[in-house]
Every structure is written in structure tokens, then in C-alpha cells.
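Asker: Fit chains B and C to the given chain A structure using the hints.
This is what each chain is made of:
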Amino acid sequence: MIADLEPQAENTTAENGETITVCFEHVSKRFNAVVALSDVSLAIRRGEFMTLLGPSGCGKTTLLNLVAGFFSPDDGRILIGRQLVNDLPTYKREIGMMFQNYALFPHMTVMSNIAYGLKTRHLPTREIARRVADVLALVKLVGLEDRKPRQLSGGQQQRVALARALVINPKVLLLDEPFSALDKHLRASMQMELRDIQRKLGVTTIFVTHDQSEALSLSDRIAVMSEGCIRQVGRPDDIYTNPCERFVASFVGDANVLRGRLVSMNRTQATVALGAVQILVQSEPLLGIAISAPVDVFIRPEQLRFTEANEPCASKGTIVSQVYQGGHVDLYVECKDSPRSRLLVRLSEPRASICWAIGAQVGIALNTNEAIAFPIV
Amino acid sequence: MKTQPFLRTLVTPAALCAIIYLVAMAMVLQFSVRAFVPGSLTPGGLTLANFMALLKPLYAHVFLNTVWICFLTAFSTLIVGYPLAYALVHVRHPLLKSAILITVITPLFLGEVVRTYSWIIVFGNNGFINSILLALSLIDQPVQLMFTTFGVVVALVHVTIPIMVIMLSTALAHIDRSYVKAAESLGAGPIRAFLTITLPLSTPGIVAGVTTAFAWTFSAFATPQLIGGGRVNMVSNLVYQLGFASFNFPFAASLCVAALVLTGAVLSLLRMAARPLERIGPY
Amino acid sequence: MPRSRMQRLLGIGGTLIVLAILSFLLLPVLVVTMAAFNDKALLSFPPQSLSLRWFINAVAYQDFRTGFQNGLVVAPWSASIALVVGAAFALAIDRYRFRFKRLLEGALISPLFVPHFTVGLGFLMLAVQVTLVNTYVVVIVCHVVLVLPFVLRSVYVSLRNFDRRLELAAASLGAPPQRVLITVTLPLLLPGLVSGWLFAAILSFNEFTASLFVTGQRTQTLPVAMYNYVREYADPSMAALSVMYIVGIAILLTIANAFLGLGKVLNVEHDR
Numbered sequence: 001m002i003a004d005l006e007p008q009a010e011n012t013t014a015e016n017g018e019t020i021t022v023c024f025e026h027v028s029k030r031f032n033a034v035v036a037l038s039d040v041s042l043a044i045r046r047g048e049f050m051t052l053l054g055p056s057g058c059g060k061t062t063l064l065n066l067v068a069g070f071f072s073p074d075d076g077r078i079l080i081g082r083q084l085v086n087d088l089p090t091y092k093r094e095i096g097m098m099f100q101n102y103a104l105f106p107h108m109t110v111m112s113n114i115a116y117g118l119k120t121r122h123l124p125t126r127e128i129a130r131r132v133a134d135v136l137a138l139v140k141l142v143g144l145e146d147r148k149p150r151q152l153s154g155g156q157q158q159r160v161a162l163a164r165a166l167v168i169n170p171k172v173l174l175l176d177e178p179f180s181a182l183d184k185h186l187r188a189s190m191q192m193e194l195r196d197i198q199r200k201l202g203v204t205t206i207f208v209t210h211d212q213s214e215a216l217s218l219s220d221r222i223a224v225m226s227e228g229c230i231r232q233v234g235r236p237d238d239i240y241t242n243p244c245e246r247f248v249a250s251f252v253g254d255a256n257v258l259r260g261r262l263v264s265m266n267r268t269q270a271t272v273a274l275g276a277v278q279i280l281v282q283s284e285p286l287l288g289i290a291i292s293a294p295v296d297v298f299i300r301p302e303q304l305r306f307t308e309a310n311e312p313c314a315s316k317g318t319i320v321s322q323v324y325q326g327g328h329v330d331l332y333v334e335c336k337d338s339p340r341s342r343l344l345v346r347l348s349e350p351r352a353s354i355c356w357a358i359g360a361q362v363g364i365a366l367n368t369n370e371a372i373a374f375p376i377v
Numbered sequence: 378m379k380t381q382p383f384l385r386t387l388v389t390p391a392a393l394c395a396i397i398y399l400v401a402m403a404m405v406l407q408f409s410v411r412a413f414v415p416g417s418l419t420p421g422g423l424t425l426a427n428f429m430a431l432l433k434p435l436y437a438h439v440f441l442n443t444v445w446i447c448f449l450t451a452f453s454t455l456i457v458g459y460p461l462a463y464a465l466v467h468v469r470h471p472l473l474k475s476a477i478l479i480t481v482i483t484p485l486f487l488g489e490v491v492r493t494y495s496w497i498i499v500f501g502n503n504g505f506i507n508s509i510l511l512a513l514s515l516i517d518q519p520v521q522l523m524f525t526t527f528g529v530v531v532a533l534v535h536v537t538i539p540i541m542v543i544m545l546s547t548a549l550a551h552i553d554r555s556y557v558k559a560a561e562s563l564g565a566g567p568i569r570a571f572l573t574i575t576l577p578l579s580t581p582g583i584v585a586g587v588t589t590a591f592a593w594t595f596s597a598f599a600t601p602q603l604i605g606g607g608r609v610n611m612v613s614n615l616v617y618q619l620g621f622a623s624f625n626f627p628f629a630a631s632l633c634v635a636a637l638v639l640t641g642a643v644l645s646l647l648r649m650a651a652r653p654l655e656r657i658g659p660y
Numbered sequence: 661m662p663r664s665r666m667q668r669l670l671g672i673g674g675t676l677i678v679l680a681i682l683s684f685l686l687l688p689v690l691v692v693t694m695a696a697f698n699d700k701a702l703l704s705f706p707p708q709s710l711s712l713r714w715f716i717n718a719v720a721y722q723d724f725r726t727g728f729q730n731g732l733v734v735a736p737w738s739a740s741i742a743l744v745v746g747a748a749f750a751l752a753i754d755r756y757r758f759r760f761k762r763l764l765e766g767a768l769i770s771p772l773f774v775p776h777f778t779v780g781l782g783f784l785m786l787a788v789q790v791t792l793v794n795t796y797v798v799v800i801v802c803h804v805v806l807v808l809p810f811v812l813r814s815v816y817v818s819l820r821n822f823d824r825r826l827e828l829a830a831a832s833l834g835a836p837p838q839r840v841l842i843t844v845t846l847p848l849l850l851p852g853l854v855s856g857w858l859f860a861a862i863l864s865f866n867e868f869t870a871s872l873f874v875t876g877q878r879t880q881t882l883p884v885a886m887y888n889y890v891r892e893y894a895d896p897s898m899a900a901l902s903v904m905y906i907v908g909i910a911i912l913l914t915i916a917n918a919f920l921g922l923g924k925v926l927n928v929e930h931d932r
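Chains A, B and C, in that order, are what the protein sequence lines are. Per this note's numbering, residue 1 is the first one in the first sequence, and the count goes up by one each step. Per this note's numbering, residue 378 is the first one in the second sequence, and the count goes up by one each step. Per this note's numbering, residue 661 is the first one in the third sequence, and the count goes up by one each step.
What the hints contain is simulated information worked out from the structure, not anything from laboratory work. One or more hints might be untrue.
As the list claims (entries may be wrong) - Here are the in silico distance ranges between beta carbons for each label pair:
#1 B:M429 - C:L670: 53 to 61 Å
#2 A:Q282 - B:L472: 30 to 38 Å
#3 B:L472 - C:I716: 34 to 42 Å
#4 C:T791 - B:F383: 34 to 42 Å
#5 B:V414 - C:T791: 17 to 25 Å
#6 A:G155 - C:A910: 48 to 56 Å
#7 B:L646 - A:R77: 53 to 61 Å
#8 B:L425 - C:P836: 54 to 62 Å
#9 B:L425 - C:G908: 43 to 51 Å
#10 C:L676 - B:R385: 56 to 64 Å
#11 C:T914 - A:V34: 28 to 36 Å
#12 C:S832 - A:Y324: 29 to 37 Å
#13 A:N32 - C:D699: 49 to 57 Å
Note that the coordinates shown come from a computational prediction; the quantities given were computed from them, not determined experimentally. Note that the Cβ used here is the ideal one computed from N, Cα and C, for glycine as well.
Just chain A, same shape as in the assembly (with noise of 0.2 Å):
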């Protein structure tokens, strides 16, 4: 499956014009000698939660940034709305954003922090009031209004930056890892609480991580970023178990990798053999691949489990430890036909530690006919 690239079929009618919130056409952009984007080419739905998710340097952040119009491009146009906005400064775009340290004006309280936007577009008074009112109580600090944000607590501080992104209505919303900082408890109850007021408010949101749990849980559809490149765009599930090149497929989630062998291809799929089995994959990554070369299947931790007596192996390996995790067991295999490092095998069974042990000589095998198989590198 190539990258969902969908902006010259989407934006170009009135109609379709009101579905495409943001736009990215051919968009490139550099600091001296880097490059941070290039060529990248992105339409976000009216009223969804894109994810913009990758590793550090791979353009996300940058790509953010050009929404807000802290930089223009160096090529490419982007448009909010219908309205091309390369040259239009941040103070005039229609944007709510959301910092990674919140910058909550220090010297002002929770209530004229969040009244700013609504001051700087010169509402009367009473509306202003009643606006900041309803937003409290949306992310629940009714009570708060006149504390100053050295008085509140980090949970409550990013609820005063998310109102105030929100107060404004804006066209869309970015948020730029807002929950880096936060605890492991605090930071999905953050993150169901934020998705819930989108999705009441129907606000177009963009977001920024480089956690693909946090981009999986949230999101209606990712980009994957890499590079300064979008390298595929689509939803979560369809990320997950339909990866469309190497990296995505191990950028997010666990990704096991075994080396295996073409045996044969026709226009839908291809025959891998592993081991002493043989499975079914996608043709499309290996189109161009002679018979008999080698391929590298991916495999998710959830789709392998250990092979009963006499039953053939995919392959084969030795335990070499176990995590224990409340839930599941992760399990690290030792195995030859791995060709970057052990194989993590995830097992649910409530025994599955006591089974297994390290040191064991195991046969694996594969949970699933949805593995994906790239050229080797």
C-alpha cells in the first residue's frame, strides 16, 4: 500500500473545500544545510485528530511550526482553510496552540490567561466572561480562575493551556507533545480527557509525538514522519497491521523480524517460506524481487507464539529472559534467523512465566496470516 496521499483529489471543489481543514501541497522547508521537509505533501480532515508522529528530527515539529507561522516555507504552499497562508503572520491566522511547557503567562491569573485570545479579537466583556466560564468547566477548574500558574499543579496547568487554545475557536488546534512531561497515570487520563472535548468540540486537531502508543490510542488517522518526509499516513489499525515500508512497520508498535525466503509471487501475494513453514503475504513491498531471494517478515509480538510437540517451526531459539508485566509476559528469544536481535514473543496465558522458562529450547511459530515482508536492506 503506497502513502495516502489525498489533497488533489480532495480540495479542489467548493464542496470538498469545507472538508479539508489544512493543507500541505509540496511543502519544503530548510534551516542553513538541514533539511527538514521535503516535498511533503498532507490534507487534514474538518474536525479530525491527526497525528504527526515520528523521531526526533524527522520535520514534525517544523511541520507544526509552518501551521502556526513561526516559519514560512521555502517551497510549497499551505492553506487553513481555503485561504493560502505562507506569507499571513501567526497573530492573523485562526489558530489555538498549545506548547510543550504550556507558557502560561506567568504574571497573569487562570482567567486572564485564558481571556487573551478572546481580548486580542476584542469581544465585549460579557461574552468574554461567559466564554472562559463554559471553557472551565470543560476541562473541569471551575474554582481556579484567579490562582496564578505557579500556584497550580502540572496537570492543572496544561488544562489552563488547553482553554486557552480552545476559548478561541479556533481552525485548528495544535498541540505540540503536551504530555511528555506528565506521569504515566496522569498522562492517559490527560489523553482520554483531551480526545473526549475534541471530539465533543469537533475542533481539527494536529499532534505531535514521537510515542506511537500515544499516537495509536488518540488519533483518528497518523502520519509517519521520517526524515523530512511523510512515509504513510492512514488509520491506526491500518498503521499497524499494514505498514507500507520497513520503517513504519518498525517505528510503531514491536516489530519481531525473520529472515525468510521468496518461494513465490502473483499479483496479490506471495509465498515466504520460514523454517520448516510457509505463509502468505502481501506481494506489493516485494514486487521486483527474484525468486528465491531472501525477505524480512515482519512479525508482531501478540502474532507468535511457541510451537507445540512435532508441530514445524518457523524457527527456532532459546529463551533468554523474561519480563514480567501484570497483564502479559514479553518473552526475548535468542534466534538465528533474527537478523537484527531476539525476538519478543508475547504471551497472555496466565502461566505462560512458569512454562517458558530461560534457558528453554523453543520452537516458534506464527498467530497469524498478517505478517508483512520487506526486501532485506
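Answerer: Chains B and C alone, transformed into the frame defined by chain A:
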């Protein structure tokens, strides 16, 4: 680490310096309440005559004049120094930054006398300004700039700018850039963002700068002496005249004490006036 | 960054204002340089003919030479004593608790706010009492007190930026406190210490008001000599001396900036 090794060694020299300094200050205090014996350096008995003499209009006038000049200088320096500090902090190009820094800081290291002397050449009747104005036929007679309060204040501002810029730029540099970005993302144009975010958050620097400028200007001697030429008198000049010219140490000392009290009072007033401002500031 | 027309206009306006202010700062320097090369004795503009005779005159003038030499004695001594006292005390403030800490700190910082003529008068009176008038000692002690606040600030800033864990690492490797101090702390604080010394030396060399009170005929420093000259003579020798002064300081500061980075020392770099 409960033990504090070397504490005595580290603190004793400083304590010694402090003691010597405080003894010198105590001498000033002591002399201010002793009588002046003309022709001798040893003072007479205890008396408040020196302080009574200060109430004479002549001396009161000098005090008021000094406070006025200090205020004028401090606030003018603030207005002139703020754009420089802002530029210093926000300019990206390193060479440009260095150029501004060197231009601003170098006068600090030239000393009062050299700087004041340069202004004499600029202000004099045959000096730079008058020569240019005459050459351009904008005036027929040289404009009197020397021996005027205006001249003294301009030269004092020139002398005080480096310190003001240092204090302001330290404060400005500590303002997180994301605040202004957040304000812009909420629709604030550049002027609004500056007035509602940058300016209030720089109040600690403004307060520090103005109080330091005031204290420094109060201490100025060469500038009012050389440019004022006896017609513009600050307390410093008076102390010198009395202390050196007539060796009236007791009266000079009482002037110093009165000056200290006055400076302390004005600085406290400035601090109190600044407190509501500090509530606007970040802390 | 996309900018509106208003932002661009503000940018141009701001640049013009800054240039105007910088010109104001440079004006006296340029004027004095022009005057120094003027052949005529009158302080007039524009200079009709150029000559170097005022430079020769300035260098030859005995009071200037004595003043310069005295400055070369007083400044290094004051700076060094102030550095030792100030660095030691700054270490104590940063790391230790002791009685009278705030009091002592306040006393030593107070010369920043006490007018120099008061400090000068006080030391003069003290010198009279202990009959040390017209000696280098009283001048040096006075200067030490005056530059100490700056040294304290400079060293304190360095200490705040210093990572204490390096000392802990050295201690964990077996180094006793003195060794840690000498082999780890002091070498890493060196840039702050050097710039503090330089700053103090220049301030002491330039100090005028208090020096006017505490120096005598023999111990007269250069600023005092210059002041006396200006009061008596009106020729551009002072201008020539000023130019030499400016060039010397500019060179010194450029070297200091190259090695130490003045921006960091004066704490004007933008926080990232």
C-alpha cells in the same frame, strides 16, 4: 556534608575588608556630629550645627537639584537604553550582537574623566555641535550647552547607558521566548504582545536598572564638575569643595550623611512604588 | 517567518532607533578622535590641519606618566586582593551557612550604592587618623572596597553555573577537599575569575571620584591627573590621551571577548 572546611579562611579576609570599610564610614558619621575647627583637621566637640546648616536654602537647593538630575537621568537612560537592550537580546546575527555589545560596554571602561572630556568637546562654543549648526547656518550664535543642566544630564545619560543596558538585557534574556509565541498564537499583534507580555515581564530589570542608575548618578562627580562648571551643582561637588578646598571635614561629612539618608529614602520610595509593578511582573 | 506590513515597519523603525542611539553613544568617541589630530590648540571644528603633536605632548607630560605608572601599581594590586577576598567569600556564600552571612554580604555590596565621594572622604579621614595619607596603601584599600561588589557578582555567577557534581565525583575518587579545590573547582572557575579580575582592574584604573580624595601628589592616578589637566589647560593633549585610552581599552575588550565571551560574563545571552 556537615563540616564546613576552610570556613574561617574563606570568610576572614572578607570580614577584614568589611570592618575597614565600616570603620571608614563610621568616621564619616562621627565627623558629621563634630564641630569644625578652622585651620585644623581635628574636629571639635559634639554638635548638630552641621546638620542645622544644611537646612539653609543654599544647600537644600543643591540637594533638590541633585535629586532632580538623578531622576531625569535615570528615566531618560531607561527610555534610551530599553531599545538597545531589546536589540541586544533579539538580534540573531552573532557579529551584529557583538558589535552592539562592544559599542555599549566600551564606554563603561573609559572612566568618567575621558567620557566627560569628550562631551566638553561636543558641547563647547567652538565644539562639534555648535560648529555643525553654524556651518549649516541653522543658528547665528553658538548655543550654550556647557554649564547647563541639559548638558550635564545628556552627558550623565551617556555615562549611565551601559549599566542600564546590562541590567535590562539580563532581565529580557530570561523571558522565555514561548510566551511571546503563545501570545501571537492567540492573536496578539507585535505591539500588543510587547505591551502585554514582554514589558510586564521585564519589570524586575526595569526596577533594578532605574534604582542602580539613580544611585550611580548620585555618585557622579566629574561630569557635573566639568560640564556644570560650578553653575550646576550636585552634592558630590559640594562635598569636594568643602572637604578639599576648605578642609571643612565635619561639614563635608554631614553632607555625606545627609546624602546617604536621602539616597536611602529615595531608593526605598522607588522600591515601594515598584511593588505594585512587581505584582504585574512574573514573581 | 511571515511578517505583516506592520511588523516590517516596526522592524525598520526599531533598527533606525537603535542606530540613532548607537550613534549617540559613539559621538563623543568620534569627536574626541577628530580633535586629537587637530593641529591647532583650540578645541574647534572642523580640524584645519592634522598633526600628531598632542600625542607626543601627552606622552611626554610628567603628570600623565606618573599617573599611568601609579595606575599600573594600584590597579593590579586592588584587582588581585579583591579577587582573592571576593572569590573566597563568594565560595563561602554559595556553599556555607554561618552567622552574619547576610550582614557581611550586605556590607560588602553596599559600596555599589554609597556615593564614591562618601567612601573617598571616609578613607581620607581614616588615613589621616592612622597617618597613612599620600600612601599607596590607602588608595589600594579604598579601591578594593569599591571593586569588591563587582568581583563578588562575577564569581557568584560562575559558581551558580558550576556543576557541583564534578566535585562530588572527585571526592568519590579519593581526593581530599583541598585537592578538589585546587584541581577541579578553581580551574573550572578560571574564566569567571579572570574576567572578574580584568573587570576589577579596569574599574580601579579608571576610578576617579574616590581617588580624588585619597590620592596625593605622589600617588595620583591617571584619571586624577587628567582632571587636573583639564581644569588648567584647554589644549587637545587630553583628547590625544583619550584616544590612546579608547584604543587601548577597545583592544583589551576585544581580546577578552574572544577568549571569554563578554556576553556570557555579563549574563546577556538569551536562555534557550
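Asker: Are the hints correct? Go through all of them and say.
Answerer: To see whether the hints hold, each was checked on the structure:
1. B:M429 - C:L670: 53 to 61 Å: With a Cβ separation near 57 Å, B:M429 and C:L670 satisfy 53 to 61 Å, so the hint holds.
2. A:Q282 - B:L472: 30 to 38 Å: Given about 57 Å between the Cβ atoms, the range is violated.
3. B:L472 - C:I716: 34 to 42 Å: 36 Å, holds
4. C:T791 - B:F383: 34 to 42 Å: Between C:T791 and B:F383, where Cβ atoms are some 35 Å apart, the hint holds.
5. B:V414 - C:T791: 17 to 25 Å: At roughly 19 Å between Cβ atoms, C:T791 and B:V414 fall inside 17 to 25 Å, so the hint holds.
6. A:G155 - C:A910: 48 to 56 Å: Hint holds: Cβ distance 54 Å, inside 48 to 56 Å.
7. B:L646 - A:R77: 53 to 61 Å: 58 Å, holds
8. B:L425 - C:P836: 54 to 62 Å: For C:P836 against B:L425, whose Cβ atoms are near 59 Å apart, the range 54 to 62 Å holds.
9. B:L425 - C:G908: 43 to 51 Å: Taking Cβ atoms as reference, B:L425 and C:G908 lie about 49 Å apart, which means the hint holds.
10. C:L676 - B:R385: 56 to 64 Å: 58 Å, holds
11. C:T914 - A:V34: 28 to 36 Å: Between C:T914 and A:V34, where Cβ atoms are some 32 Å apart, the hint holds.
12. C:S832 - A:Y324: 29 to 37 Å: 35 Å, holds
13. A:N32 - C:D699: 49 to 57 Å: 52 Å, holds
The structure fails hint 2 only (numbered hints given earlier).
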